[in-house]
Structures are given as C-alpha cells and as structure tokens.
Amino acid sequence: MPSGAFSFKAKMTYLQSHSRSVSRQKRLTIGILVFLAAIVALVEYAAPHFFPALAMSVARPYWRTEFSLASGSLAGPEALLRENEDLKRQLADAAAQTATVRSLQTENDELRSLLGRASTTPYTLAAVLMRPPFSGYDELVIDAGLDQGFADNDVVYAPGNIPIGTISDVLGQTSKVTLYSSAGQKYPILIGSLHVPATAAGRGGGQYEAQLPRDAKVGEGDIVLAPQTGDKPIGIVTAVMTDPAEPFETVLFAPPINLYSLRWVLVGAYGRKP
Amino acid sequence: MPHRILIRIILGLVLLISILQGWGIAAALLFILGAWLYPLYIEGLIAGLAYDALFGVEGLRSHAGILVSLLIFFIIYSAKRIVRK
Chain L
71 MPSGAFSFKA KMTYLQSHSR SVSRQKRLTI GILVFLAAIV ALVEYAAPHF FPALAMSVAR
131 PYWRTEFSLA SGSLAGPEAL LRENEDLKRQ LADAAAQTAT VRSLQTENDE LRSLLGRAST
191 TPYTLAAVLM RPPFSGYDEL VIDAGLDQGF ADNDVVYAPG NIPIGTISDV LGQTSKVTLY
251 SSAGQKYPIL IGSLHVPATA AGRGGGQYEA QLPRDAKVGE GDIVLAPQTG DKPIGIVTAV
311 MTDPAEPFET VLFAPPINLY SLRWVLVGAY GRKP
Chain Z
24 MPHRILIRII LGLVLLISIL QGWGIAAALL FILGAWLYPL YIEGLIAGLA YDALFGVEGL
84 RSHAGILVSL LIFFIIYSAK RIVRK
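Protein sequence lines, in the order shown, are assigned to chains L and Z. Taking our numbering, I'd label the letters of the first sequence as residues 71 to 344. Taking our numbering, I'd label the letters of the second sequence as residues 24 to 108.
I should point out that these hints are in silico values taken from the structure, not numbers from a laboratory. Watch out, some of these pointers could steer you wrong.
Quick list of in silico lysine to any residue cross-link-like pairs, SDA-like style, CA-CA up to 20 Å [stated by the list, open to error]:
#	chain 1	residue 1	chain 2	residue 2
1	L	K96	Z	Y61
2	L	K96	Z	S85
3	L	K158	Z	I28
4	L	K96	Z	Y100
5	Z	K103	L	E316
6	Z	K103	L	T99
7	L	K287	L	E316
8	L	K256	Z	S85
9	L	K96	Z	V80
10	L	K96	Z	S101
11	L	K256	Z	V80
12	L	K256	L	P303
13	L	K96	Z	K103
Quick partial rundown of chain L residues pointing at chain Z, CB under 7 Å, derived from the structure [as the list claims (entries may be wrong)]:
#	residue
14	P118
15	F121
16	P122
17	A129
18	Y132
19	T176
20	S238
Every residue, glycine too, gets a C-beta built ideally from N, C-alpha and C.
All chains should be built: construct the whole structure from the sequences, respecting the hints.
See the structure below:
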C-alpha cells in the first residue's frame with residue numbers, strides 16, 4: 071500500500087475519533103448543566119430560603135460597609151466631631167418639638183383608649199440597606215429580620231409615621247419590604263376631608279393612582295389615608311386628571327417623603343395575621 | 024497567570040459588584056460580554072440566581088433574573104455557533 075494512502079486513512083480515523091470525542095464532551099457538558107439545574111430547582115422547592123440566605127451572607131457585609139461609609143462612620147476624628155456637634159444642635163431643636171408632639175400623642179392615646187382602640191404597637195428601628203431604584207421590583211432591603219422578631223406582613227413606616235409597605239420575606243438578619251407603591255399592589259384608601267373611598271394601585275417609584283367618580287370633590291394637597299394601617303396618612307394628592315369624555319377621574323398621589331433617600335425605617339406588628 | 028483567566032476573574036468581580044449594587048442592566052451587559060468571550064460562562068447564570076435571591080419577591084417576577092440569564096446564555100451561544108461555523 072502506498073504511504074500516502076496509509077497517512078490519509080490514519081488522518082480520517084483521527085478526525086472521526088476526534089469528532090466523536092468532541093460530541094461526547096458536548097453531551098457530557100449538557101448533561102452536567104441539566105443536572106445542576108435540577109439540583110437548583112430541587113433546593114429552591116425544598117428550601118426556598120437557602121439561596122436568599124446564602125446570597126445575603128455575602129451581600130450584607132458589603133451593604134453594611136457601604137451604609138457605614140455613607141453615614142461617615144469611617145470618616146476622620148475632626149469630621150466626626152463636627153458631625154457630633156451638628157447632631158447635638160439638631161437634637162436640641164427636635165427635643166423642643168418632641169415635647170409638643172408627645173403631649174398630643176398622649177391625648178391621642180387617651181382618646182383612642184376611650185373609644186376602645188388603644189394603640190400599643192411597638193416599633194423597631196431598622197437601617198435601609200438597599201432602596202429603589204437599585205433594589206429592583208420596588209422594594210427595600212432592611213437590616214433586621216428574625217433576630218428582631220419581624221414577621222411577614224409587618225407594616226413598615228418611614229420617618230413621620232408614614233406607612234410605606236409591608237415585610238414580604240424575613241431572613242435571619244435582613245428582611246425584604248414590598249412597597250405599597252410597587253406595581254400591581256392594590257388596597258383600599260380614603261381621600262380628602264370627606265374620606266372618599268377608593269382603591270389605590272401602585273405605579274412603582276413611590277407613586278400611586280386611584281380612579282374616582284368625576285364629582286368626587288378631591289383636589290391637590292388632599293391627604294390619603296389607609297384603613298389597613300389604622301387610618302394613617304400614606305400620601306398627598308399630587309394631581310387630579312379629568313377627561314370630560316370619561317365618567318371617572320384619575321387621582322395621583324405620593325408619600326410626602328423621598329423613598330429614594332430613605333436610610334431608616336420603623337417596623338411595627340400592626341399587619342401581623344394571628 | 025494567563026491573560027484570559029485574569030480578565031475572566033476581573034469580569035466576574037465586576038459582575039458580582041453589579042449584582043450587589045442592584046445594577047441589573049449592567050450585569051446583563053457584562054454577562055453578554057463574558058458569554059461571548061468565554062466558553063460556558065456560568066458566572067452569568069449564578070449572577071441571575073443571586074439577583075433573584077437578593078431582590079426577588081413572590082411570583083414569577085422573583086425569577087426574572089435567572090430567566091433573563093438563561094435567555095442570554097442560549098442566545099449568545101447560538102449566535103457563536105452560527106458565527107463560527
């Protein structure tokens with residue numbers, strides 16, 4: 071047999087076995103990927119908090135460090151002393167206002183107890199680690215969870231006692247808060263001095279909308295209350311849009327705080343189901 | 024250390040920071056880049072899983088991260104096969 075034919079046959083044999091080996095490798099890779107996907111799906115089904123807890127164990131130290139940097143905790147001594155003095159001055163101003171608020175709060179509690187609706191809901195302070203627009207899905211991640219006795223449906227308040235959402239998922243040391251303004255959320259509200267009932271729908275980004283009959287006598291600046299949180303104010307009407315051809319008008323409202331700059335929230339047990 | 028491995032590590036770290044910061048779009052773009060440059064860039068799939076674990080709530084929305092990652096994975100690898108044929 072000529073040597074050229076032998077080397078050609080050897081080359082053909084090598085190419086065939088090489089392409090078989092590549093195909094086998096591809097099948098093995100696909101098989102491993104499918105197996106890993108099945109394991110992930112099984113873990114998600116059997117232990118739905120496993121991956122969130124694992125991810126939080128990495129994310130929480132990073133977010134805490136970022137929070138500390140933003141708070142100036144890692145600043146030099148002079149900067150910290152200056153901040154300390156500023157805060158003391160602000161505290162003195164706030165103390166004067168607090169005295170008035172406390173007396174009003176006491177009167178409020180007395181009146182409520184007379185009506186049989188005394189409020190003794192304790193609140194817990196929690197730091198906001200992630201907030202819109204970076205947290206995705208219009209939610210907050212706060213720095214307290216089962217360690218502070220939080221539970222699903224606990225109501226979350228912004229400074230000023232403004233309800234902004236409820237806890238939707240509790241982990242060991244963190245919790246996820248779904249904002250009332252999250253797209254798809256709906257709940258009953260009362261608008262204005264006449265307490266016009268309506269259903270609010272979240273539009274995302276801290277904005278809400280509600281449909282009312284055209285002659286509902288609601289205007290900009292009207293307070294919006296949420297019965298599910300004990301009639302606490304959750305927003306102020308920012309716009310009323312009327313179309314003469316439509317029997318309804320659209321009311322837009324938003325909380326009087328900037329959700330994008332929230333650093334601290336209060337969590338109460340008001341919404342907890344027995 | 025070979026160049027490609029170093030770049031892959033750096034890309035992975037930037038991807039991790041994007042996920043921790045909640046920059047979903049930036050993470051998706053980094054995944055597209057990584058998937059194009061490297062064979063079997065599973066770091067992107069892990070990033071999608073991590074995004075859902077950190078920020079996901081109830082319902083189908085809680086799996087948007089992994090679904091988008093899988094979509095990018097299959098689109099890029101199909102595109103690579105077509106381009107390199």
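Hints versus structure:
1. L/K96 to Z/Y61: holds, 15 Å
2. L/K96 to Z/S85: violated, 31 Å
3. L/K158 to Z/I28: Since the Cα atoms of L/K158 and Z/I28 sit roughly 53 Å apart, the hinted pair is violated (cutoff 20 Å).
4. L/K96 to Z/Y100: holds, 13 Å
5. Z/K103 to L/E316: With Cα atoms ~53 Å apart, Z/K103 and L/E316 exceed 20 Å; violated.
6. Z/K103 to L/T99: Status holds; Cα separation ~17 Å.
7. L/K287 to L/E316: The hint holds at about 16 Å.
8. L/K256 to Z/S85: holds, 19 Å
9. L/K96 to Z/V80: violated, 35 Å
10. L/K96 to Z/S101: Distance ~14 Å between L/K96 and Z/S101 Cα, so the pair holds.
11. L/K256 to Z/V80: holds, 16 Å
12. L/K256 to L/P303: The given pair, whose Cα atoms are some 16 Å apart, holds under the 20 Å limit.
13. L/K96 to Z/K103: Holds, because 15 Å separates the two Cα atoms, which is no more than 20 Å.
14. P118: At about 10 Å, which exceeds the 7 Å cut-off, the nearest Cβ of chain Z leaves the hint on L/P118 violated.
15. F121: Where the cut-off is 7 Å and the nearest Cβ of chain Z is about 4 Å from L/F121, the hint holds.
16. P122: holds, 4 Å
17. A129: Holds, because the Cβ-Cβ distance from L/A129 to chain Z comes to roughly 5 Å (cut-off 7 Å).
18. Y132: holds, 5 Å
19. T176: violated, 38 Å
20. S238: holds, 5 Å
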